[in-house]
Amino acid sequence: MIWNSIKSNLANKLQNNVDNTSDKGLVIFNTVEDAIKAEKLIKSAGGDCKLVAPPAALRKGCDLALEISLIEQPAIERALEARVVYNGIFPIAGEAELLQVVKVTEYDEHIMVKSGNMKIVFAKSDGTIVNTSGGGCPDIPYLNIQLVGKKLSEAPRPRDIGYTLCSLMLDRAFEEALSLWEGRKSTCC
Amino acid sequence: MLLIAGIIPDNDFPLTMGEVRFSDDGNSLIVNGLSIPCSQGTAAMVSAALAVTEYLGIDAPHALLAGDTGSGTGSRRIYNYLIENVEKLAPKVLALHYCLPILGLIKQLNIALKKCRCKPILIGDAGSMYAVKAAGLAPDFDLFTPDASELAFLADPDAIHPAYIKRHLFEGEIVNAPEFITRAYEIKGAAKVLLVKGSVDYIAVEGKIIEKIDEPNIPELECIGGTGDTITGMVSAFSFAGLELTQAAIISAKANRTAGKLAHVTPASRVGEIVRNLPLVFQENLCCWSEIKHIN
Numbered sequence: 000m001i002w003n004s005i006k007s008n009l010a011n012k013l014q015n016n017v018d019n020t021s022d023k024g025l026v027i028f029n030t031v032e033d034a035i036k037a038e039k040l041i042k043s044a045g046g047d048c049k050l051v052a053p054p055a056a057l058r059k060g061c062d063l064a065l066e067i068s069l070i071e072q073p074a075i076e077r078a079l080e081a082r083v084v085y086n087g088i089f090p091i092a093g094e095a096e097l098l099q100v101v102k103v104t105e106y107d108e109h110i111m112v113k114s115g116n117m118k119i120v121f122a123k124s125d126g127t128i129v130n131t132s133g134g135g136c137p138d139i140p141y142l143n144i145q146l147v148g149k150k151l152s153e154a155p156r157p158r159d160i161g162y163t164l165c166s167l168m169l170d171r172a173f174e175e176a177l178s179l180w181e182g183r184k185s186t187c188c
Numbered sequence: 000m001l002l003i004a005g006i007i008p009d010n011d012f013p014l015t016m017g018e019v020r021f022s023d024d025g026n027s028l029i030v031n032g033l034s035i036p037c038s039q040g041t042a043a044m045v046s047a048a049l050a051v052t053e054y055l056g057i058d059a060p061h062a063l064l065a066g067d068t069g070s071g072t073g074s075r076r077i078y079n080y081l082i083e084n085v086e087k088l089a090p091k092v093l094a095l096h097y098c099l100p101i102l103g104l105i106k107q108l109n110i111a112l113k114k115c116r117c118k119p120i121l122i123g124d125a126g127s128m129y130a131v132k133a134a135g136l137a138p139d140f141d142l143f144t145p146d147a148s149e150l151a152f153l154a155d156p157d158a159i160h161p162a163y164i165k166r167h168l169f170e171g172e173i174v175n176a177p178e179f180i181t182r183a184y185e186i187k188g189a190a191k192v193l194l195v196k197g198s199v200d201y202i203a204v205e206g207k208i209i210e211k212i213d214e215p216n217i218p219e220l221e222c223i224g225g226t227g228d229t230i231t232g233m234v235s236a237f238s239f240a241g242l243e244l245t246q247a248a249i250i251s252a253k254a255n256r257t258a259g260k261l262a263h264v265t266p267a268s269r270v271g272e273i274v275r276n277l278p279l280v281f282q283e284n285l286c287c288w289s290e291i292k293h294i295n
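Quick note, the sequences are listed as chains A and B, same order. Everything in the first sequence is counted per numbering that gives the first Met the number 0, starting at 0 for the first residue and increasing by one. Everything in the second sequence is counted per numbering that gives the first Met the number 0, starting at 0 for the first residue and increasing by one.
Be aware that a few hints might be false.
Taking lysine-lysine and the DSSO-like style, the derived pairs with C-alpha atoms no more than 30 Å apart in a straight line are [stated by the list, open to error]:
(1) Lys260(B) to Lys150(A)
(2) Lys102(A) to Lys165(B)
(3) Lys260(B) to Lys123(A)
(4) Lys23(A) to Lys165(B)
(5) Lys49(A) to Lys165(B)
(6) Lys102(A) to Lys207(B)
(7) Lys102(A) to Lys113(B)
(8) Lys113(B) to Lys23(A)
(9) Lys260(B) to Lys149(A)
(10) Lys260(B) to Lys102(A)
Just so you know, these hints were derived from the structure itself, not from any lab.
Start from the sequences, fold in the hints, and give me the full structure.
This is how it looks when you write it as structure tokens:
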């Protein structure tokens, strides 16, 4: 609902060719107080953001939204989590929601789970993560080092230590891998 | 100069630029006295490029590196260094790799590149490729090396990152690669040459597929972090050696697969096993695949 309002409002902006290659997203709040508080939280966490007027369809009079770099969505969510109430984060252009499709490939001794551009591979025998691959954001090589060699049940979640959209996609794959592993454990042990 | 720019997953790693070499045991890279393990990402890419230049007996790659575990601090240092220095450095080949996609900085870098007296051969992969495409600069680049899901991103005119591609594009990413290649060129989301890495590797020029490579078929390679990086490293180095980009891409795709076969890789293998086998792959195949003779 909110997204539809935002999108229709922004359509005019895009038609006016303001910038159709934007990597920006909007964080939408219920109150100005929350928006200002969120700006401080993001900036104190080292992030970049800008207070802007929300799309016209959502304005109640004196409102603020935060313009952010969408690539850094996980880090921004982490900075705001449990500290300030917000309605959601929405891309200004393109798809409204993160890609949800997950694919599973089975090998003799391993299972690979793919979410978007990210893959995680674990051993069928004991749930150890043996590889991660794909992606291009700077937290991905770091997450590879942090995850590989650890059991799915003990490894840190990519969304908890990553910063970027690639880490969110890896987290989706991780979540599915963990679910598959726990399902296998419950049927075989 | 072949210059490869990207991040190292260690926040304490300083901004550094220099010629790379392998450590004495061959398991790490050395740049300006700093040791870097051959792991997924730019380290794997540089390692594969160095394997090529060592085999051919030509100048080793230079690497521009900075520590970054995701916050973007190191990425910004790399962009800014290039913006300030690329004209003076005048690389013959510039390969941009793992970095936070920052549209404003990639646009500034593109302006700086246009000031170079001799425009480098520009290669984009990973986060740098995301930034170039999202900024609308893809046609200014000579080569992109996406995997199948990244190709879907290049074919989606609105996507700013592969995480936000349209669902139907992702679902069709394997079978529809030729269609997506056409579409990526139509929307100006592709570089002049595309090397699409996957179960079938496609090489396309200005929208036309000129080569498909599917042998040897090693499905386990997709599992191994860094096996796409090694292809990009090799194609950068072969291009630096003077090969046409298309020929460099074909050889690199074949070499990666063959190295995987020689290494008997499993889904649990590490990318270093691929890199260690590259000299043998070159020795046994390079003459057949190209006019290149063993120089060493």
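Taking the hints in turn, this is what the structure says about them:
no., hint, result
1, Lys260(B) to Lys150(A), "holds, 28 Å"
2, Lys102(A) to Lys165(B), "holds, 16 Å"
3, Lys260(B) to Lys123(A), "holds, 23 Å"
4, Lys23(A) to Lys165(B), "holds, 17 Å"
5, Lys49(A) to Lys165(B), "holds, 27 Å"
6, Lys102(A) to Lys207(B), "holds, 29 Å"
7, Lys102(A) to Lys113(B), "violated, 42 Å"
8, Lys113(B) to Lys23(A), "holds, 26 Å"
9, Lys260(B) to Lys149(A), "holds, 27 Å"
10, Lys260(B) to Lys102(A), "holds, 25 Å"
Going through the hint list in order, the structure does not satisfy hint 7, though it satisfies all others.
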